[in-house]
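*Asks:* Just so you know, the protein sequences line up as chains A and B, in that order.
Anchor point for the first sequence: position 447 equals 447 in the numbering used here, and the numbering is continuous, going up by one each time.
Anchor point for the second sequence: position 270 equals 270 in the numbering used here, and the numbering is continuous, going up by one each time.
Check the hints yourself; a few may be wrong.
The list cannot tell twin chains apart, which means a pair is met if one copy fits it or any two copies do.
Claimed, not checked - Here are the simulated SDA-like cross-link-like pairs (lysine to any residue), alpha carbons at most 20 angstroms apart as the crow flies: (1) 278 <-> 347; (2) 356 <-> 309; (3) 56 <-> 205; (4) 380 <-> 1; (5) 278 <-> 356; (6) 273 <-> 208; (7) 111 <-> 434; (8) 9 <-> 308; (9) 273 <-> 355; (10) 56 <-> 138; (11) 111 <-> 256; (12) 278 <-> 349; (13) 380 <-> 434; (14) 56 <-> 351; (15) 35 <-> 10; (16) 278 <-> 267; (17) 284 <-> 351; (18) 273 <-> 349; (19) 380 <-> 47; (20) 278 <-> 354; (21) 273 <-> 351; (22) 171 <-> 335; (23) 412 <-> 79.
No lab work stands behind these hints: they were computed from the structure.
As a plain string of letters, each chain reads:
Protein chains: 2
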Amino acid sequence: MEQWKSYQKAHQERFLQELIDLLRIPSVSARSEHKNDMLACAKAVQTHLTNAGADKAEIFETPGHPIVFGEKMVDASLPTVLVYGHYDVQPPDPIELWKSGPFEPRIEDGKIFARGACDDKGQFFMHIKALETMHACGTFPCNIKFLIEGEEEVGSPNLATFVKNNQALLKSDVILISDTAMLSLETPSIDIGVRGLSYIEVEVTGPNRDLHSGVYGGAVANPITMLAKMIASCHDENNHITIPGFYDDVVESSAAERAKMAEAPHDDTEYAKDLGVKALWGEKGYSTNERTGIRPTLELNGIWGGYIGEGSKTVLPSKAYAKISTRLVPNQSSKKITELLIQHFESIAPEGVIVKATEHHGGEPYMTPIDSLEYQAAEKAIEATFGKKPIPVRGGGSIPICALFEQELGIKIVFMGFGLDSDNLHSPNEKYDIQNFYKGIETIPYFHHFYAELKK
Amino acid sequence: MEQWKSYQKAHQERFLQELIDLLRIPSVSARSEHKNDMLACAKAVQTHLTNAGADKAEIFETPGHPIVFGEKMVDASLPTVLVYGHYDVQPPDPIELWKSGPFEPRIEDGKIFARGACDDKGQFFMHIKALETMHACGTFPCNIKFLIEGEEEVGSPNLATFVKNNQALLKSDVILISDTAMLSLETPSIDIGVRGLSYIEVEVTGPNRDLHSGVYGGAVANPITMLAKMIASCHDENNHITIPGFYDDVVESSAAERAKMAEAPHDDTEYAKDLGVKALWGEKGYSTNERTGIRPTLELNGIWGGYIGEGSKTVLPSKAYAKISTRLVPNQSSKKITELLIQHFESIAPEGVIVKATEHHGGEPYMTPIDSLEYQAAEKAIEATFGKKPIPVRGGGSIPICALFEQELGIKIVFMGFGLDSDNLHSPNEKYDIQNFYKGIETIPYFHHFYAELKK
Numbered sequence: 001m002e003q004w005k006s007y008q009k010a011h012q013e014r015f016l017q018e019l020i021d022l023l024r025i026p027s028v029s030a031r032s033e034h035k036n037d038m039l040a041c042a043k044a045v046q047t048h049l050t051n052a053g054a055d056k057a058e059i060f061e062t063p064g065h066p067i068v069f070g071e072k073m074v075d076a077s078l079p080t081v082l083v084y085g086h087y088d089v090q091p092p093d094p095i096e097l098w099k100s101g102p103f104e105p106r107i108e109d110g111k112i113f114a115r116g117a118c119d120d121k122g123q124f125f126m127h128i129k130a131l132e133t134m135h136a137c138g139t140f141p142c143n144i145k146f147l148i149e150g151e152e153e154v155g156s157p158n159l160a161t162f163v164k165n166n167q168a169l170l171k172s173d174v175i176l177i178s179d180t181a182m183l184s185l186e187t188p189s190i191d192i193g194v195r196g197l198s199y200i201e202v203e204v205t206g207p208n209r210d211l212h213s214g215v216y217g218g219a220v221a222n223p224i225t226m227l228a229k230m231i232a233s234c235h236d237e238n239n240h241i242t243i244p245g246f247y248d249d250v251v252e253s254s255a256a257e258r259a260k261m262a263e264a265p266h267d268d269t270e271y272a273k274d275l276g277v278k279a280l281w282g283e284k285g286y287s288t289n290e291r292t293g294i295r296p297t298l299e300l301n302g303i304w305g306g307y308i309g310e311g312s313k314t315v316l317p318s319k320a321y322a323k324i325s326t327r328l329v330p331n332q333s334s335k336k337i338t339e340l341l342i343q344h345f346e347s348i349a350p351e352g353v354i355v356k357a358t359e360h361h362g363g364e365p366y367m368t369p370i371d372s373l374e375y376q377a378a379e380k381a382i383e384a385t386f387g388k389k390p391i392p393v394r395g396g397g398s399i400p401i402c403a404l405f406e407q408e409l410g411i412k413i414v415f416m417g418f419g420l421d422s423d424n425l426h427s428p429n430e431k432y433d434i435q436n437f438y439k440g441i442e443t444i445p446y447f448h449h450f451y452a453e454l455k456k
Numbered sequence: 001m002e003q004w005k006s007y008q009k010a011h012q013e014r015f016l017q018e019l020i021d022l023l024r025i026p027s028v029s030a031r032s033e034h035k036n037d038m039l040a041c042a043k044a045v046q047t048h049l050t051n052a053g054a055d056k057a058e059i060f061e062t063p064g065h066p067i068v069f070g071e072k073m074v075d076a077s078l079p080t081v082l083v084y085g086h087y088d089v090q091p092p093d094p095i096e097l098w099k100s101g102p103f104e105p106r107i108e109d110g111k112i113f114a115r116g117a118c119d120d121k122g123q124f125f126m127h128i129k130a131l132e133t134m135h136a137c138g139t140f141p142c143n144i145k146f147l148i149e150g151e152e153e154v155g156s157p158n159l160a161t162f163v164k165n166n167q168a169l170l171k172s173d174v175i176l177i178s179d180t181a182m183l184s185l186e187t188p189s190i191d192i193g194v195r196g197l198s199y200i201e202v203e204v205t206g207p208n209r210d211l212h213s214g215v216y217g218g219a220v221a222n223p224i225t226m227l228a229k230m231i232a233s234c235h236d237e238n239n240h241i242t243i244p245g246f247y248d249d250v251v252e253s254s255a256a257e258r259a260k261m262a263e264a265p266h267d268d269t270e271y272a273k274d275l276g277v278k279a280l281w282g283e284k285g286y287s288t289n290e291r292t293g294i295r296p297t298l299e300l301n302g303i304w305g306g307y308i309g310e311g312s313k314t315v316l317p318s319k320a321y322a323k324i325s326t327r328l329v330p331n332q333s334s335k336k337i338t339e340l341l342i343q344h345f346e347s348i349a350p351e352g353v354i355v356k357a358t359e360h361h362g363g364e365p366y367m368t369p370i371d372s373l374e375y376q377a378a379e380k381a382i383e384a385t386f387g388k389k390p391i392p393v394r395g396g397g398s399i400p401i402c403a404l405f406e407q408e409l410g411i412k413i414v415f416m417g418f419g420l421d422s423d424n425l426h427s428p429n430e431k432y433d434i435q436n437f438y439k440g441i442e443t444i445p446y447f448h449h450f451y452a453e454l455k456k
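Isolated chain A, as found in the complex:
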């Protein structure tokens, strides 16, 4: 294992340079104009897998963006680790807030700034470099498979079909995902859960054309005002979500679990200061970590309607829109919540407007039991390289495909993420600390080692 470390130390600058090149590809899955960039990025991943020692590296077409599959089968008697990651990234908007181009990676203060730096190019790429390390040193504790998709940021619409149709190809013992954060390098942690997601878009139509707000104002329902009223009604005065049935299936955390969560280092004052807000906000009766970890939420992701340009226009618009997503916890069903949301918005449509709600994408919540072999292997790996036992925490984000993996492949998932909450995922100036990148590459082979040990 010392050999792994020496190899990595000798090559780490090249590893970083390779990541920088990968980050230059604007693989934005949500935007159709990036279709060719998506393909270019898939091909780059394929090449990296081959160069790192994979026996097989293939691109599978889908009705959307391609999936990259790779494998290094050492010995059929060894356990197999399936690495899942995604090469697509969020749109970089708002572009004007980036200090440097989102696809022109910049290194400053030990961090690499670029869209996808942490989510998820910088993280899945650590696994390719871990493969290279084990390949170069000739020591493979496990077989390895890679499933790197291009549609995670748009809800993985084609991955389920691929998984269902390729069960033999994907056959493994555990799924390892690096697409989450840890508390810090000093306080390592492991996400034991990800939230589910329901994402809808609401369209409110008032008059059949934009109107002069002086001539018609006051006599016709304004779709922006009506949309605002609907949004405002989604949270009550305690910031509970008011949609009927929304909390019905939520598994409440026990007092013991909540007490354990409260042990994780957290300072609301620091948290607020980092975000530049004078006060935090959230559901009454829950702490910040609980609000982002064990409670479902409803957030407005976008809103638009009427005149949004420079200056002023006295228009009473025909339409207004909102993008709205909820994060779900065990045992909520994304499908059921999406139906509830759509039904709710259509049913509360004020007189004088027509409301149409449609589904964007969704995903189920997922939990890794801390008494599982999979969790313990990750715990030992992190302890080995960080020098301290990681804290189990509940992550706020979503990896829509997790529940399906467990269902179709019958195996457990472990989240071994090396990002930080401050990495500006989905925001301008996304970054990944270079030390975290290197620490991840160092830790991954240990996971393979301990997982093989524990499986014996």
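Starting from the known structure of chain A, arrange chain B on it as the hints suggest.
*Replies:* Frame of chain A; chain B shown alone:
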């Protein structure tokens, strides 16, 4: 007067062609990229004035867009009519809803479709053609001055200074404005009032950067949600405006006035059908015509925040914005209401966000007394050319500069508008009926005639 009519009949096709050429100039005052178009349009107006027989036609620079002044002084003993109009137009957005280019005038079914066709190029241009008519026929009942500005659609920020500094130049007996609508060619009407306006923009800032809605969602106030709550609180369940003090200075119309208003032909079912809405909306206790004429209103003109592109993005945005305007009735003060609005939005800012409200522009309400000489001249002119007496109505729109005119120049304003409510002002597919254009050109010299008669 028969001579006027013959001249107009002989030249009406050229009049229309000239209007079409004027409509080709994209004179959008709100957009800085149209600065050169604005100047080109001012020059075109200047040339038209000269060609129509004006003794003087000048362009006055302002810190914003230029003002065109023209005059035909026939005899100092005659009364002087000052025509006010504006050559600037509203932005054409949303462009995609236009059936033909907003600046590529199209004639269909007796209507001319283009941005500015009715508001106000098509209307002020009638006065230039009326000047030409009187000039060609050598019969001028009054002197004529023209004040055609380029900033009406953005609140006339530089006109007040111009008026204050040029009182001698603008000295007149009456101001005649064609920038309003009539009920129909069959039911002519005269607007006896325009509403005032207060227009503000609200900026809501939550966290100091866009955040991942999974990682932070539920723990930080979402600026879109907070903005929606503020907007939703602006109207109560009876659609009264809830801003404290908003109605304080409203002069309530008498039962007699309301009874007279109710005589104007109006059908709510037809009105709703034309707009494509199942139900109308508005302040409880008032009819549609009252809601748009004698009552103040608050409308959302635009809203935006977060991700508004294709697909989905799970962002909790840093900022959200709204453009909000109110229409005011006598005796409300635009300045006072703007202050109330700004103060209100800043004071109701929910914890966790910062709200900044700024003024866009405003204007005072204005009323023309129906027993005034000015109104009577317009009434007689319309009766002469339409064959029936016009109905006095209260218009919903605003002409911000009216109150200032009266204050600075000490003269009355009369609104002789030839548009229709269905002209799609400020909306896609703005149009002006060619018959209305011709009828306006025919009627205007009659106004000069009757005004001179009544002034004797």
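*Asks:* Please go over all the hints and tell whether each is borne out by the structure.
*Replies:* Going through the hints against the structure:
When the C-alpha separation of residue 278 and residue 347 is checked against a cutoff of 20 angstroms, the pair qualifies only between copies, where the shortest distance is 15 angstroms, while the shortest distance within a copy is 36 angstroms. In the homo-oligomer, the alpha carbons of residue 356 and residue 309 lie at most 20 angstroms apart only across protomers (18 angstroms), although the nearest pairing inside one protomer, at 25 angstroms, exceeds that limit. Taking CA atoms no more than 20 angstroms apart as the test, residue 56 paired with residue 205 passes in neither setting, with 52 angstroms inside one copy and 50 angstroms between copies. Taking the closest pair of Cα atoms, residue 380 and residue 1 come within 20 angstroms of each other only inside a single copy of the chain (14 angstroms); across copies the shortest separation is 102 angstroms, beyond that limit.
For a Cα distance limit of 20 angstroms, the shortest separation of residue 278 from residue 356 across copies, 15 angstroms, qualifies, whereas the shortest one inside one copy, 36 angstroms, does not. When the C-alpha separation of residue 273 and residue 208 is checked against a cutoff of 20 angstroms, the pair qualifies only between copies, where the shortest distance is 10 angstroms, while the shortest distance within a copy is 46 angstroms. With identical chains, the CA atoms of residue 111 and residue 434 are at most 20 angstroms apart within one copy only, with a shortest distance of 5 angstroms there and 66 angstroms across copies. Taking the shortest Cα distances, residue 9 and residue 308 never come within 20 angstroms of each other, neither inside one copy (52 angstroms) nor across copies (44 angstroms).
For the identical chains of this complex, residue 273 and residue 355 are inter-copy neighbours only, at 18 angstroms across copies versus 39 angstroms inside a copy, given an alpha-carbon limit of 20 angstroms. In this assembly of identical chains, the alpha carbons of residue 56 and residue 138 lie at most 20 angstroms apart only when taken from the same copy (17 angstroms versus 94 angstroms across copies). In this assembly of identical chains, residue 111 and residue 256 lie within 20 angstroms of each other by CA distance neither inside one copy nor across copies; the values are 37 angstroms within and 74 angstroms between. Proximity of residue 278 and residue 349 under a CA criterion of 20 angstroms is satisfied inter-copy only: 12 angstroms between copies versus 34 angstroms inside one chain copy.
When the C-alpha separation of residue 380 and residue 434 is checked against a cutoff of 20 angstroms, the pair qualifies neither within a copy, at 22 angstroms, nor between copies, at 83 angstroms. Neither within a single protomer nor between protomers do residue 56 and residue 351 lie at most 20 angstroms apart by alpha-carbon distance, with minima of 59 angstroms and 55 angstroms respectively. Proximity of residue 35 and residue 10 under a CA criterion of 20 angstroms is satisfied in neither setting, with 36 angstroms inside one chain copy and 60 angstroms between copies. Taking the shortest Cα distances, residue 278 and residue 267 sit within 20 angstroms of each other inside one copy (14 angstroms), while across copies they are farther apart (52 angstroms).
Proximity of residue 284 and residue 351 under a CA criterion of 20 angstroms is satisfied inter-copy only: 14 angstroms between copies versus 32 angstroms inside one chain copy. For the identical chains of this complex, residue 273 and residue 349 are inter-copy neighbours only, at 19 angstroms across copies versus 38 angstroms inside a copy, given an alpha-carbon limit of 20 angstroms. In the homo-oligomer, the alpha carbons of residue 380 and residue 47 never lie at most 20 angstroms apart, since the shortest distance is 31 angstroms inside one protomer and 85 angstroms across protomers. Taking CA atoms no more than 20 angstroms apart as the test, residue 278 paired with residue 354 passes between copies only; the shortest distance there is 9 angstroms, against 38 angstroms inside one copy.
For the identical chains of this complex, residue 273 and residue 351 are inter-copy neighbours only, at 14 angstroms across copies versus 43 angstroms inside a copy, given an alpha-carbon limit of 20 angstroms. In this assembly of identical chains, residue 171 and residue 335 lie within 20 angstroms of each other by CA distance neither inside one copy nor across copies; the values are 27 angstroms within and 72 angstroms between. In this assembly of identical chains, residue 412 and residue 79 lie within 20 angstroms of each other by CA distance solely inside one copy; the values are 13 angstroms within and 92 angstroms between copies.
Going through the hint list in order, the structure does not satisfy hints 3, 8, 11, 13, 14, 15, 19 and 22.
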